[in-house]
Structures are given as structure tokens and as C-alpha cells.
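*Asks:* Assemble the whole structure, with the sequences as input and the hints as a guide.
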Amino acid sequence: MIHSVFTGFDHILLEVALAVLPLILFFTVFQIFFLKLSLKKVWKTMFGILLTFLGLSFFLQGVSVGFFPAGQAIGEILGQNSQSWLYLPLIGFLFGFVATFAEPAIRIMNHKVEKVTAGSISGNVLLLTLSIGVAISIALSMVRILLGIPLWIIVIPGYMAALLLIRFSKKRFVTIAFDAGGVATGPMTVTFIMAIAVGVANVTEGRDPLLDGFGMISLVALTPILSVLVLGLLYSKKEEQLYDRSETTLQTDHHDRQKETSK
Amino acid sequence: MTAPKQHYKLIITIVKKKQANKVITASKRGGAEGGTVLLGSGLGIHEKESFFGIDMIYEKEIILTLIPEERVTNVLEEIIKSAKLNQRGKGIGFVVDALAVKGIVHNNMDMALDEEALDKMTDNVEFELIVTIVNKGDAGIVVDASKKAGAEGGTILSGRGSGIHEKAKLFSMVIEPEKEIILTLVTRKNVKEVLSKIQEEASLNRPGKGIAFILPVEETIGINHELKKH
Chain A
1 MIHSVFTGFD
11 HILLEVALAV
21 LPLILFFTVF
31 QIFFLKLSLK
41 KVWKTMFGIL
51 LTFLGLSFFL
61 QGVSVGFFPA
71 GQAIGEILGQ
81 NSQSWLYLPL
91 IGFLFGFVAT
101 FAEPAIRIMN
111 HKVEKVTAGS
121 ISGNVLLLTL
131 SIGVAISIAL
141 SMVRILLGIP
151 LWIIVIPGYM
161 AALLLIRFSK
171 KRFVTIAFDA
181 GGVATGPMTV
191 TFIMAIAVGV
201 ANVTEGRDPL
211 LDGFGMISLV
221 ALTPILSVLV
231 LGLLYSKKEE
241 QLYDRSETTL
251 QTDHHDRQKE
261 TSK
Chain B
1 MTAPKQHYKL
11 IITIVKKKQA
21 NKVITASKRG
31 GAEGGTVLLG
41 SGLGIHEKES
51 FFGIDMIYEK
61 EIILTLIPEE
71 RVTNVLEEII
81 KSAKLNQRGK
91 GIGFVVDALA
101 VKGIVHNNMD
111 MALDEEALDK
121 MTDNVEFELI
131 VTIVNKGDAG
141 IVVDASKKAG
151 AEGGTILSGR
161 GSGIHEKAKL
171 FSMVIEPEKE
181 IILTLVTRKN
191 VKEVLSKIQE
201 EASLNRPGKG
211 IAFILPVEET
221 IGINHELKKH
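These protein sequence lines map, in sequence, to chains A and B.
Note that the working numbering has the first sequence beginning at 1, numbered continuously upward.
Note that the working numbering has the second sequence beginning at 1, numbered continuously upward.
Here are the simulated SDA-like pairs of lysine to any residue, each with C-alpha atoms no more than 20 Å apart in a straight line:
no.	chain 1	residue 1	chain 2	residue 2
1	B	LYS60	A	ILE108
2	B	LYS17	A	SER122
3	B	LYS18	A	HIS111
4	B	LYS84	B	ASN74
5	B	LYS22	B	ARG71
6	A	LYS115	B	ILE156
7	A	LYS41	B	ASP55
8	A	LYS115	A	THR175
9	A	LYS115	B	GLY40
10	A	LYS112	B	TYR58
11	A	LYS238	A	SER122
12	A	LYS41	B	PHE51
13	A	LYS44	B	TYR58
14	B	LYS60	B	GLU47
15	A	LYS238	B	GLY208
16	B	LYS16	B	LEU39
17	A	LYS115	B	ILE14
18	A	LYS112	B	LEU39
Simulated from the structure, these hints should not be mistaken for laboratory data.
*Replies:* Dropping the structure here:
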């Protein structure tokens, strides 16, 4: 049992080592020439890197023996049922929501956003927004696989909507939104949800798992952008109510400061 | 109408992260009109210093609440009740005297510099601290204004908060806009000038623009060029 769980672990260890090694290399170079941190700090950093190495290795091993086969099996069972179109989008929505909620990369981003905005944009709100965004994208992907809609029909209008929303959303949210798109396609979502999609596409007649299963990642990258931009829209609407509209003279950005004060 | 002469106090509360909103609601219940929250990190006496050789830093929130003197006890009681500050390890709070307040426009309580209070302090004190809280993006204006009036610099912190003019809610959660807090250490003879310049340039006399107040300073270190003059 234990043995079978760790099959291929050596491979994963090598992979993670290759991923972590450049970071250590960079750190060493910077440490020697620029940073010159104290020994205590170097030790702490190294300990942190060791934890990362172990964590990543175990996570990826877990994915390859657990998440991936499980997801695929779930997808196949769901797809085989003749009435699958009834509940597949709903299940996709649920899985998308839960997987994003657990996504470590998103947690880190939310933490950073909270820090930079001094808690004005709460991490929990952002987490919920992103989870809903990804959930919608998974539901859409399920519909897409079931009906055989080409990807571009969703992706092109989606990005056009995103570009349009930029005009109305707050600057701060635009930057968060486009980062969120990348962050949402993290290890949890990709491994678990994509496995399900590939599984569904495998058993659905006339669907190619390669063409129809993989397109969903592009949707997962798209919908968080839209959902965060919409959140930004709601925020700026509310904040507009806060300030008197006629007194917008001071509502300038740092960049305009020179102009403002040199008058 | 002559504004009633009123003394303001600044309550500073430091609690664990995510507790700040509780404190703000409590202080509003006690009669405060708003509050400003800053993020920070720190270590209390009941918290472990390290874990597996890695230093632990605990995230904290610092809440600044400016209130008239007669409501202090009320607000403090509410804060203690809701944040359980009377239990160990929950947080701390303290009250500082504010010498002058600008920018509280809505109830005519704007008050001039309290000359008496200034005079009462010892003569060897050369400085006062002006704290200005404005909307995000306006800090530059405040720094420029205070430099024009004779201040030598300024330190900007970022925080969030809500005043009496800001009560927006989105799906039952309060929206707290980002704020910038500017600390300006000025010599006593420049205090009045700097404060009124800040008020003028950042339009603090209009509602919703921000507030400024003076905190007494007892001693300074690190301002070396001033010392050399004497």
C-alpha cells in the first residue's frame, strides 16, 4: 500500500529539485554579492526552502496518485450517465468553487492584496469573488463539452468584455484582476478540475479529450478577471456615493500631483 | 456661531488581525464617528517568539479613534466589552491627548489650537506632531503643503477607515476606503502655520476630505540639525 503510494516519487523529487534549484542559485548569488544577510537569516531562508521542497514534492505526488485519477474517474462516471446534461454544469460549479477555495496560490495573493490596501479590499471578499468566477467557468466548460461549442465563441467575447470593463473599474482592481486570472489556474484547479473535464470528454461521444478537455484552463484564466472587474465596478459605484460628486478636485492620483501643486 | 470649546482625545487600540471592525463598531456604539485602521505586526507577552527556529510575527491591526473628551469612557467601555480587552492576550489600548483638531466640519466642533494646553507643557519641548488622515492619493498634497509652511518632511502610512460621511455597504459588508496617514513633526513655532496650510490645501474644511490633529511631543531624538543651532 505504502509502496504503491510512492511509485514515481523519485521522478517527482527530481522535478521539484529542478524547479527549486534555480531559486537557490539566484539567492546564493544575491546573498554573496548584494544581500549579505546575517547567518541566522540565511539559515531561516534555507529552512523555508527545505519546507517548500518537501511540501511541493508531497503535493505533486499526492496529485499524481490521488487527485488526477480520482478526478478522471469522477468525470467518466458523470459523463456516462445519459441525463448528465442536467447536473454536470451544477457539479462543475460546485467543484470549481471548492477547488478555488482551497487553492494555495490564491490565498497568498489575497494576503498580499490585503496588505497593500491595508485591508480595504478584504481577502475573504476576493476569495469568494474568485471562487465564484472559477465556478462559473467550470460550469460553462461542462456545457461546452456537452454541447460541443467551440472555445473561441466564449473566449473572444469574454476578453472583449474584460477590456470593456477596464474602462469602468478602479485601477487597483484592474491590476488585481489580470493577476487573478493567472493565479486561479493554480495546482488545485488545474489538476483536479481538468482531470474531471478530460474524464467527461473521454466518455462523451464525439468529443476529443485533447481539444475539448483542455480548453477549460483558458476559461479558468478568463472568468476570474471578469469577476474581479465586476467587483471593482461595484466598489467604485459605492465609493462614488461616498464622496460628493462636485468635489472631485482632490481625487487625483499620485501621478497628477505635480500638476496639482505646481499651479 | 462660536464653536463650543471641546477637548479631543485619541484612542489607540492594538488588537489581533480581523478584530478591528469589531472595535470600530463598538466605538461607534459608544459615540465615536469613525475610525482609521492600520495593519501592523508584533508580539505580545503571551505569544510565542519562535517556532522551529523561525521568528513568529503576529499580524495586528491598529485602530485610531478620535473622540470628544466626554465620550472617552463610554467608547472605552464599549471597546473593552466587544474586543474583550480585559482578558489576557486580547490586545491593548491607550488614550492620548489631542491638542487641536481640524476637519470635523459637520457639527461645528472644529477647534482652534489650544494655546493653554501648549503653554502648560515644559519649555524645552520644541516639537509637536501633526497627524493628518486623508483619502488615498492626497498624501502628496499634505506633504507639499506642510513643507511650504515650514515643516521639514513627513512620513506616510497607509490604512483604511471610515468617517461619518462614509457609510457604504456592499452585500452587508462595510466598504472602508483606503486612507493615508501623514505624520509631520514640526517645531512649535511653525505648528499653527503648518496646520492651517494643510487644512487649506487639502480642503479639510469640506466634509469627507479628512482630518488633522496635533499630538503633544515630549522629547525628540534624531533631529540633529536642529540641535546644532543651539
